[in-house]
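Asks: Whole structure, please, built from the sequences with the hints as guidance.
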Amino acid sequence: MDIAAEMAYPTPFRASPLLPLLLLSLASQRNAPRPATTFREEYDYIIVGGGSAGSTLANRLSEELCVSVLLLEAGTANPPLLNDIPSLGRNFWFTNLDWQFKTVPQKHTGAGLINRQVIWPSGKGLGGSSLLNAMLYVRGNRKNYDDWAAQGATGWSFNDVWPYFLKLEDNRDPEYLANGYHATRGPITVERPRYQSEIKSPILEAAQKLGYRIVDSNAARQTGFNEFQCTVRNGQRCSTAKAYLVPAENRKNLDILAGAHVRKVILHRRRAEGVQFDFQNTTYEVRARREVIMSAGTTNTAQLLMLSGIGPKEHLEKFKIPVIADLPVGNNFQDHCSALVPYELPLEIPPVLQKLTDPQNIKEYIYRRTGPLAAAEFLSSFAFLNSRPVSPHTDFPDYQIYFAEITKEIVQQQIGLRPEVYSAVFAPYENGTMFACLSQMLQPKSRGTVRLQSANPYDPPVIDPNYFENPEDLTIVVEGMKTCQRIATSEPMRKIGARPFKTVFPGCEEFVGDEDSYFTCIARGGVVTLSHQVGTAKMGDPKDPTTVVDPLLRVKGIKGLRVVDASVMPIVPSGNTNIPTIMVAEKAADIIKETIQCPSCGFPHYDQYAESSDINPYTTFWKRLHSN
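Numbering-wise, the sequence shown is residues 1 to 628 according to the UniProt record's numbering.
Treat the hints loosely; a few may be bogus.
[Claimed, not checked] Straight line, CA to CA, 25 Å or less: simulated PhoX-like cross-link-like pairs of lysine-lysine:
1) LYS320 with LYS559
2) LYS482 with LYS209
3) LYS200 with LYS482
4) LYS559 with LYS543
5) LYS482 with LYS495
6) LYS495 with LYS200
Simulated from the structure, these hints should not be mistaken for lab results. What you are looking at is a predicted structure, and each value in this text was computed from that prediction instead of being measured.
Replies: Below you can see the structure in the form of structure tokens.
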């Protein structure tokens, strides 16, 4: 336990005398596996990326003892213990746990953001974005997966993927288990947050008075307000590193290498033969006997495929990258974006920072794992709703709203507002208690791209989500903002002293009094991402020119190369994407296992290679590769 290293992270506890005791209590759960310090010259499977998909896949493939698996992760193997505190995920943005991406300046939104750019957090380290996310346990809507199958992703309908949602889940709430839509004994622990905000009850009361149902969105119906669950284990964040890698760390057929920055997939005669990566200031090449599997995430997978020669021909030629396969990598880019409506609360309700630094609250978390530190990033409630009247039998909401307490730091730094916008709108309230309602569309019509900035693997990619390019997306977000306003100004919320800000967003003054126009102006001023990006290596019918991988997740025209992460999703699920990403990896593992035939004796063939003095496939492979 390195107290100095923990103190280097921007959390509220750096000056607390209770920090050592807090860290000691957190250490009761291992949050990451022991990484390898050495590695072999070849493996059966090389997985690129140790995030939500890669961690899952590494565990499941290494269950087959006759195959060897190498997991390569660019980020750290050792996230701080404080990252386990559920309320602190956003405190690790802009640290070594975050790729710290930004979008290109947006054309249709961003007037109130610095350089019109949207800040783009993306997890870096074992566990990936499950280190930074809000931990919400959301599967999406069954129609999402039926649409995948209908559009060519055969075998990915809701009935096909449903068993994998159950396989990953360890639900510890008897009330949820009783409805028959949940499971136990999976790797991902699911619990209710162990803290209830002061605004939760009045929000749900207001929702019911307005005619909305309170539902379990992962059960029979998604539409309605939620008493939600999170990926939390005994009051601590349950990342995929904790859930999948820690239990597998002692397997002799699995090596987990952190701090390994992959440069490209090595391709020979349209086959993936290995990967090239940097580790401890040295460039290495390792062979994959069976497959290379890309699990680097929607942004990084697209970048690495293009660096390897798989992508749009004209774009690769621009950087003098030899084109191996002309495929639409980086297209079909989708994300849920959100616009924010701010409100104030009376000082009788303490601000977030005061709650987090109160010694009694810290002690409550240390000894009972309850209280404000156990909050899921101070989220109070969320809902899946429809922007237009639909049949009572229709269950396909088109927007989601979230209510959460917010801080000065969240608004000022993590949204990236221009200083003059922050000063005009938020500064008058920054010393008080604030909350916000975020509205996001669930089925975006806009499509963006991920492209290379250069042929240098250390240069961040060019990210253009193209938010609001389709005006229908904006219309739906505005409808959600209007619902936010109805809930936040309802009688139950007025009773606790909730009030809309009186300040006006710069540039929107002429629209005050016209709710539609004013909220449209706010959304045009700036949006935030909740990191639900998908689609840059689209899965579907291999004859479809818009697809990159087939329904078995194999890259078209390339042998021995698959993609297993959110980039394969042809349509973004209606909700948070961490659980669907894990589902994809669970199903992919079974698809790949069908190709593995272990010897009946159970003797691992990778040990034969390791112990043989007269067979060196690595040497013959690289001699052949570099002689051509």
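Asks: Now tell me, hint by hint, if it's right for this structure.
Replies: We went through each hint and held it up to the structure:
Taken as a hint, the LYS320 and LYS559 pair is honoured in the structure, with Cα atoms around 23 Å apart against an allowance of 25 Å. Taken as a hint, the LYS482 and LYS209 pair is honoured in the structure, with Cα atoms around 16 Å apart against an allowance of 25 Å. Note on LYS200 and LYS482: the hinted pairing holds, with a Cα-Cα distance of about 19 Å set against a maximum of 25 Å. Note on LYS559 and LYS543: the hinted pairing holds, with a Cα-Cα distance of about 17 Å set against a maximum of 25 Å.
Annotation: proposed proximity of LYS482 to LYS495 holds, straight-line Cα distance about 20 Å (limit 25 Å). For the hint pairing LYS495 with LYS200, the CA-to-CA distance comes to about 13 Å; that is within 25 Å, so the pair holds.
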